[in-house]
Amino acid sequence: MAVDNKVVEQVAHLARVQISAESVPDYASDMSGVLELAAQMDQVDTSSVEPMAHPTHAVQRLRDDVVDEVNQRDAFQAIAPSVENGYYLVPPVIE
Amino acid sequence: MHKLTLAAMQRSLESGEFSSVELCQHLIERTKQHNETLNAFVSITEEQALSEAKAADEKRAAGDTLGSLHGLPIAHKDIFCTDGVRTSCGSKMLENFVPPYNATVVEKLKSAGAISLGKTNMDEFAMGSSNENSFFGVVRNPWDTERVPGGSSGGSAAAVAGRLVPACTGTDTGGSIRQPAAFCGITGIKPTYGRVSRYGMIAFASSLDQGGPLAATAEDCALLLNEMAGFDPRDSTSIDRANDDYMATLHQPVKGMKIGLPKQYFEAGLDDSIAALLQQAIKELEKLGAEFVDIELKNQHLAVPAYYIVAPAECSSNLARFDGVRYGHRCEDPKDLEDLYKRSRAEGFGREVKRRILVGTYALSAGYYDAFYVKAQKIRSLISQDFSQAFADVDFILGPTTPSPAFKIGEKTSDPVAMYLNDIYTIPANLAGLPGISVPCGDVGGLPVGLQLVGNYFDEARLLNVAHQYQTVTDWHTRIPG
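Protein sequences, first through last, are from chains D and E.
Counting along the first sequence from 1, when you hit position 3 you're at 3 in our numbering, and nothing is skipped either side.
Counting along the second sequence from 1, when you hit position 345 you're at 440 in our numbering, and nothing is skipped either side.
Because the hints were derived from the structure by calculation, they are not lab data.
Hints may contain errors.
[Unchecked claim] Negatives, chain D to chain E, calculated, CB over 10 Å:
id : residue
1  : Pro25
2  : Asn71
3  : Ile79
[Stated by the list, open to error] Covered by chain D, according to a simulated footprint, are these stretches of chain E (three or more residues, beta-carbon under 8 Å):
id : region
4  : 281-292
5  : 396-403
6  : 427-441
[Said to hold, decoys possible] Among chain E residues calculated to face chain D with C-beta under 7 Å, some are:
id : residue
7  : Pro195
8  : Thr456
9  : Tyr457
10 : Pro511
Beta carbons: idealized from backbone N, C-alpha and C, even for Gly.
The shape of chain D in the complex, shown without the other chains (with noise of 0.2 Å):
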C-alpha cells in the first residue's frame, strides 16, 4: 500500500494543510508505512461481522428543545485572532 507524492499533495489538499514539497516524500514514506500496518487487517474475514457503533451500545440522548446556555459571544471573541464588530475577520471570500 506505498502513497506517493500526489497522494499526499492530494490528502494534504483535502485536510487543508500545507506540506512543504521538500517534506512530502517523507510524508508518503510515513503514511505507506501505517497504511502498511493497517493492511494486516485483511488477515481477517469480517464480511458478516457488524461494524461496531458504541462501545456499550449507547444511543444519543436527546435533550428537551430549551434554551440552556448563555450568549457569550464576548467572551469567545476575546480569543479570537481577529474580529471587528462581534464578525470574525477573514480575507475576503469574494472579488
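With the hints as your guide, set chain E onto chain D.
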C-alpha cells in the same frame, strides 16, 4: 511532605499536621526546582493555587468542608480546559489559548476542594507514546532523565513519580494514562468509556478518549476518580449511571476472584524480564486467593492496525476545527481563505499530528472509507467480542502494560510504526471501551515496570480493589526515584 500519598496528605491536613498553604508552597518550590530538568509542567499557577489553599485553610479552621479533596494539591494535564489559565494541549496551535470555561473534570475536582498547582506537559493533542511530540519539549523520566516518561500523559506521570504533586489528571486514547504510569512507576486507571466526562477535554479520537487519574497508589486513584466520574449532560456519550464509591470497596478480599491470562499477551515481543516480573505478581495475587486461568484473545494482534485507522480518522475530523479563525494560531498575512487555513494549520501542528491528519483524511476519503475505516470498526467488534467471551468466565484480565521499560529519548522517533507498537497491550481496552489499570510490579535495571488489569464495563471499583490489595502486599508503588 512531598513523599506522602494523597490519602496521607488528606489525613495530615485533617489532623492539622500541616496546612494546605504549607503543602502547596512546598510542592510549588519543589516543582520550580525540578521542572527545569523534568519539564513535566508547562504552567505553574502559583498565585491562584496559594490563594485557593489559603481559602481552604480558612474554611477548615471555621469547621467547613469543601469536599473529599479539601485543600489537596493536584495538577491537570494540559488537555483539560481551565478557565483563565492557558490550555495548550502541547501544541503551538494553542500556545496562547486561554479557555473561557472549565472542563467538567476540572470543575468537579475544584468543587471537591482540590487545588490545581498547574498544567502538565503532554504529547501534542495527546498523540504520542513518549512525550517527545510536545511543542514545549520532551518530558524526562525521573527514574532516568535520558529516557522518556511515556505518553501522552507523560508530564502528569513524571510529575507524580518525581513527587512534584501527589496526583494528576490524564487522558487515555490508546494507553496514554497506563503506559506513562508504567514507565514512571506509578498507578493509573483508564475508566470505562463514558465514565468520566469529556466536556472541555480537547478531543483527539472521540470514540476512544477517556479521562482518568494518575497517582502513586490505587487508593489515591480511587480518591480522585470518586470525584472525576459521573454523568454529565454536556457530554453526549457520558453514561447515565449511578456512581460507585471507589474508596468503599478497596478493602474487600481478592479471594475467589478469577483472573484470565491471555496467551497472546505472553508471547513473542514481550521483554523476558517483564514476563518474569508478571509471574511474580501472579504468585502474589494467588497468595491473596485469586485464581488464574488461561484465556484466548485471538484478534489482539489486529488492535494496533485497527487503532491506527480509527484514531487518525477521528483525529482528522476533530482537528478540522483548528482553522485559524475562531481561536488558536493564525498565520501572518494570508493571501486568501485557503491560504489562511493551510498555513495556519501547517504552522500550528507538529509533525506527528500532521501525519495522523493525513492518514485519517486518506482513510475517510472517497473510495477508501470501506477498506479502512469500516474494516477497522469491524475489527473493533471482533476485539470487543473476544473480551465479552473472556469476561463470561473471568473477572479480570492480567497482562503487561508495555512490551519493555522506558526507552531512550530519540530511540524511536524516526520510525512511527515502531513507536505505535508500544501501545500493543493498552490499545485493545480502548477499542472495546473497557476500563484498565496499570500498577507498578517491579523494575528492570532500575526502570519501573507495570502490570495491567483490564476489567469488564463499569468494573472500576473492583479493579481498584484488586490493585489496592496487591499494593498492600508489595512495595513497588512506594519507591521514589533517587
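### Query
Taking each numbered hint in turn, which are not upheld by the structure, reported in ascending numerical order?
Failing hint: just 3.
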